[in-house]
Amino acid sequence: MDSFYEWFKILYDDTGINLPFLYDSYDRGRMFDGFLMTIKLSVLCLVFSVIIGAVGAWLQNSPFKWTRRFVNGYIQIFRNTPPLVQMYFFYFAIGALLPKIDNGYGGEMPILGGFAWAVISLSFFAGAFNVEIFRSGIEAVPKSTVEAAEALGFSRLQIYKDITLPLAFRVMLPALNNNLVNLVKTTTLAYAIAVPEMLYEANQIWSDNVNVTEMMIFMLLAYFLLVGILVWGMNRWERSMKIPGYG
Amino acid sequence: MKSADHKAEYQSNFQGGQKVAYQTDMPVMMTPSPKAGPSFRFSLKPWHGFVIAMACIISSGIAYAVTDKAEASIFEVLVRWMPLLLEGFVFNLVISVCAMGIGTFVGAGLGLGQISLNPLLRKFSWAITQFFRNSPWLVLLFFSMFLLPFEFKVGDMTIPLPDWVKAIIGLSLPVMANVSEIVRGAVQSLPSGQWEAAESLAYTRRQTLWLVILPQCVKRMLPPWMNLYAILTMATVLASIVGVSEVMTLTGQALAAEGGRTDLLAPFYSFILLLFFVYCYPISRWTVHLEKKFAVIN
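Chain order of the listed sequences is V and H.
Per this note's numbering, the very first residue in the first sequence carries number 4; after that it's consecutive.
Per this note's numbering, the very first residue in the second sequence carries number 48; after that it's consecutive.
For the record, the hints were derived by calculation from the structure and aren't laboratory data.
Quantities reported herein were computed from a predicted structural model and do not represent experimental measurements.
Footprint (simulated), chain H over chain V, 3 or more residues, beta carbon under 8 angstroms: (1) 210-219; (2) 230-241.
Within a straight-line C-alpha distance of at most 27 angstroms, the following computed DSSO-like cross-link-like pairs (lysine-lysine) qualify: (3) 43(V) with 103(V); (4) 146(V) with 340(H); (5) 146(V) with 164(V); (6) 68(V) with 146(V); (7) 266(H) with 340(H); (8) 339(H) with 146(V); (9) 68(V) with 339(H); (10) 245(V) with 146(V); (11) 164(V) with 68(V).
The C-beta atom is built at its ideal place from N, Cα and C for all residues, glycine as well.
Just chain H, with the same shape it has in the complex (with noise of 0.2 angstroms):
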């Protein structure tokens, strides 16, 4: 029922259909294969990490060629903030692995929901994920910032809500959105053969679904959630517009603690720049890695 039925399944899927009229020898245009997803040329060499760091090097030195030699060198002040923005990036990140888990989790079961049988709950997981998609992430972001209470109380117990975790629960709630689309779009890319298939054995919907199904949606929704992933982790700085602490926030106090001193603004930019460029381009190389790896020959 895998690989080799799959592939076998899927070609007689386009005997039927019109696809047939492209295999022959000089076609009007060639359909486009797996292989050549958008980020297919994009197997980067590390040196493109090195322009971003030139770039903060250059205009630390740009700026500082054009500043008064009396005060602290832009890098002597870009290493005494240093720990406190690494430490902000690292606030960073636990929003990030925080929202993506709750996303994933709902949007896995709102993902389900769109392709359940019952109609009434197919069409409920399909509003909220379209309506969860279509919302600026700032906007939902405000949204739950504002609308959500600082504390909550169960029975005698008081359950404080700080603002990260407001703004965990804002930035959960597109993730969940895009995973359920990740989901659906998934378990429908598999040829209805599998289903088929598996019908044919007496396999319940159940069975077919968590045995037959998910697992080979497993490896097709991995390079998107991974994708997701990244785009959640460079939302993260959105959570300053709203005044968590993290790393946008703390650049900033940084920058008003020296005095607001504007020749420090480039450096102090482009080191953030830098640091999500060091985390985000790892995990885009081995998302184009995993595509590669994962592509459908048909």
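One chain only, chain V, in its complex shape (with noise of 0.2 angstroms):
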């Protein structure tokens, strides 16, 4: 392993290109510290906006007017106004609101840091998405399915968790995953807030080394192979999960 590092070494001393989080461990540190960090985002913010999603449509069916009235605006809001703004607005505009704590050296700290702001923006903006997605997909449950459901006794949340979200998950399936890529796409916001996230990570990497087309055309390639992965991957499962006949 240490040869093929020592390889780019090589390249940089002969033709200029320099790749120092192949060939400096410390830049290769940061850069694979980075890359976990956006799947750590990606991840939590797939598990929130899911949560957001599942529970935000079953309040939408809620008998109570200003329930469903407060989730609709909730989704008008965060899908009509830009997703780094509403970053902004969580990170600077709420975390200068709430109270600090202190940090064990004298000093303050607010209470959610940067990653934290950043899952909630953008499992918030997520969510509001997986909404209209999670109530399309229960749409499509017919009728007289969960009026069966409701003939055997089942409650409401019953019949949403046993009866209509496992059918309507398949149907929203393709949905969701073209969701999740634009999330991992939107990760790339943190950086605005100092997320230390694989772009955060490759823009001090070439301020170190003053290597910004080797990165950027580095960044681009990561990323694409990155979501195209993940692409293929949900075309699998979405194809394994198809309901026979159906589609």
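Using the supplied hints, reconstruct the complex from the two chains, each of which is provided in its own coordinate frame.
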């Protein structure tokens, strides 16, 4: 492995193509941490946004008018405003209103850091899309199935959890995957509030090594590969989850 | 060749396939109809817009209540900076319109390339589309910001390339790829009977495409295209990260000029949210309206 890394050092000396995240162990660590951070951010946001989507879709069918209105308002606001401004709003505006805690060194630090706010704002952003995806999936489940469940004495929550969602899930999987891919791409916004994800680390490396071109091309390829692998895996999953003879 | 035959063709396509099983009285699952698309029930009332406006005002109020009364009130500060912020927002819109124009033009060509008969052109267009569609917007923006020269020479003439032009180019790359997919999707969503009918009437491929297929595609492409425009408009704030002086950058500067008062943050940012909502919400409503209007009823 070391000779593999050394080869890039030689490449740099010979051709001037500088890829320090391969031959320099410090930069390699930074890049890898950035990659892990992107994955962590994506997974956490995915989990929370799916939860928001499921709960939101359930509340949307609620018998109370104001609950439905609240959910609709949430969806419209988060869909029609830029995710970056949402993130700034959460991080700077709401973050500034929250109390500060002692950081153990005598100083003060905000209760929630950049990473937490990035997860919160991205989850709400992706969640707004998920609510609609869940709703359209739920609408595809025929009324007669729900009525049959009601006749068997299922409660509203039980019907939703055990009957509607499992059926709806397969219908909405393609749309969910689409949203997931968008989410992974949107995690780059966390760069703006200094969350050390992949783009941020790349920026650090190109600031230190003045190799913007190489890092930029590497970034494009890295995200392309990451998203490409994701899309490939999701397509396979979609095919295996397909309801036979449907769609 | 238009609607009536189209419908019949569509149904006969289903007769041959497995869909016929779902025309029974007791469907296992309903087929999702275009009418029940993602944003069907969201014909919203204008009061939703007031929610953000209220958030803006309430947050100012709360912040005002906890601040020193000697300073200028938050509302006054906001009003004072409003002309500048609106100017910045108009700049955002200019960027979005230009990027959309370039992206649509190039993307339409790329989309037609994707359905070309020449396998080489098809593969090439497909690869370009996938590449730019799967890359994050911010990375593409960085890419064009840092790698394009700040000026280039044609003969004796030096053409400057200011950062906002580079931002337009950077934003038009993902738009291009998305438009390409919209075009390809729309063309492929038309029933194959349209192509066959045109062929039987001795249309050439070019004639079929321009006289039969594309005119029918326009209304299928319009809603997703408008959706893309709304997404692009919201993405223009990304240009603030790379230093273009649009509304977000100006907000930061205005906040700095006011001495970094934390109580100003919430009102200012919610004002930006409000600006974008006011612009994007009518677009999304109109998109929903068009989707319903153009929905193909099977």
